[in-house]
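Based on the provided sequences and hints, a complete structural model is requested.
For the record, the sequence lines run as chains A and B.
Residue 77 in the numbering used here sits at position 77 of the first sequence, with consecutive numbering throughout.
When you read off a place in the second sequence, starting at 1, and then add 110, the result is the number in the numbering used here.
FYI, nobody ran anything at the bench for these hints, they're computed from the structure.
A quick note: this is a predicted structure, and the numbers were derived from the prediction, not measured.
Be aware that a few hints might be false.
To be verified - Under the rule of at most 25 Å between Cα atoms (straight-line distance), these lysine-lysine pairs were calculated in the BS3-like manner:
#	chain 1	residue 1	chain 2	residue 2
1	B	K134	A	K68
2	A	K59	A	K79
3	B	K188	B	K178
4	A	K42	A	K59
5	A	K79	A	K42
6	B	K134	A	K42
7	B	K178	A	K42
8	A	K69	A	K59
9	A	K69	A	K57
Said to hold, decoys possible - Some residues of chain A that are not near chain B, with every Cβ distance over 12 Å (derived):
#	residue
10	V4
11	Q6
12	E55
13	E70
14	T102
We put the beta carbon where it would ideally sit given N, CA and C, even for glycine.
If you want the building blocks of each chain, they are given just below.
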Amino acid sequence: EDQVTQSPEALRLQEGESSSLNCSYTVSGLRGLFWYRQDPGKGPEFLFTLYSAGEEKEKERLKATLTKKESFLHITAPKPEDSATYLCAVDSNTGNQFYFGTGTSLTVIP
Amino acid sequence: DAGVIQSPRHEVTEMGQEVTLRCKPISGHNSLFWYRQTMMRGLELLIYFNNNVPIDDSGMPEDRFSAKMPNASFSTLKIQPSEPRDSAVYFCASSRQGFGAGANVLTFGAGSRLTVL
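Below, the structure written as structure tokens:
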């Protein structure tokens with residue numbers, strides 16, 4: 001069965017304290033791995049798509065990487081405005097598209 | 111483009127009542143998804159459509175749930191009769207299936223928060 005697991009569930013960082021969020025996946029055929037950001041009361045907002053192991057994408061303080069079993073979202077020198085829930089999702093070729101993980105709630109303290 | 115538009119944003123109803131949630135996808139997107147989000151279970155895919163045709167409704171929890179997409183610019187999710195355990199945020203998302211930049215990326219609406227008393 002296809003699964004997506006994110007860790008940790010919650011993360012509190014001091015402003016400027018870099019860290020990483022993990023997304024482990026088990027799918028029979030990965031077509032793409034997606035990272036989204038969700039702010040309270042809003043829908044998830046797209047950040048990155050990764051398609052193959054070894055691929056990396058960057059946007060401001062965020063960098064996403066992909067291996068054959070997991071993806072990391074690295075946050076460098078975070079700011080309070082980076083506080084949000086970060087979701088990863090996998091697009092599988094088994095038919096039930098876009099499995100989402102339960103997310104990591106990130107709080108960055110000034 | 112105004113993005114994916116959902117209505118209503120908030121709905122409070124009593125158990126047993128019919129609830130209809132509405133979604134207007136992004137023009138040019140040919141896939142539409144309905145998700146339900148709760149604290150306990152996160153984002154769950156209920157059903158998705160390709161070119162207005164339901165492809166996979168295995169996530170629809172019960173026969174009380176139904177979804178339609180009569181045309182490329184409109185979809186509804188109906189719950190009849192509603193129950194307290196249906197309380198959640200329901201999201202609609204659309205995407206352009208295919209290849210190239212931006213393909214297969216879900217764009218979400220702001221969600222409809224449903225409370226069933």
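If you draw a straight line from the CA of K42 of chain A to the CA of K59 of chain A, is it 25 Å or shorter? At roughly 21 Å apart (the allowed maximum being 25 Å), K59 of chain A and K42 of chain A satisfy the hint.
Check whether the Cα positions of K188 of chain B and K178 of chain B lie no farther apart than 25 Å. holds (9 Å)
Between the alpha carbons of K69 of chain A and K57 of chain A, is the straight-line distance 25 Å or under? holds (17 Å)
Mind verifying the non-interface call on V4 of chain A? Its CB should be farther than 12 Å from each CB in chain B. violated (9 Å)
Proposed proximity, K42 of chain A with K134 of chain B (alpha carbon, max 25 Å): Given that 25 Å is the threshold and the Cα spacing comes to 16 Å, the pair holds.
Would the hint linking K178 of chain B and K42 of chain A be met if the CA-CA limit is 25 Å? Within the cut-off at roughly 24 Å; holds.
Check whether the Cα positions of K134 of chain B and K68 of chain A lie no farther apart than 25 Å. violated (36 Å)
Decide if the proposed pair is consistent with the structure: K79 of chain A and K42 of chain A, CA atoms, cutoff 25 Å inclusive. Given pair K79 of chain A, K42 of chain A holds - Cα atoms ~20 Å apart, limit 25 Å.
Compare the distance between the alpha carbons of K59 of chain A and K79 of chain A with 25 Å, and conclude whether the hinted pair is satisfied. Measuring from Cα to Cα gives roughly 14 Å; hence the hint holds.
Chain B versus Q6 of chain A - minimum CB to CB distance exceeding 12 Å, so not interface: Q6 of chain A is in fact no farther than 12 Å from some Cβ atom of chain B, at 9 Å.
Hey, is T102 of chain A genuinely clear of chain B, shortest beta carbon separation above 12 Å? violated (4 Å)
Quickly compare the C-alpha distance for K69 of chain A and K59 of chain A to 25 Å and report which way the hint goes. The given pair, whose Cα atoms are some 22 Å apart, holds under the 25 Å limit.
In terms of the numbered hints stated before, the structure departs from hints 1, 10, 11 and 14, listed from lowest to highest.
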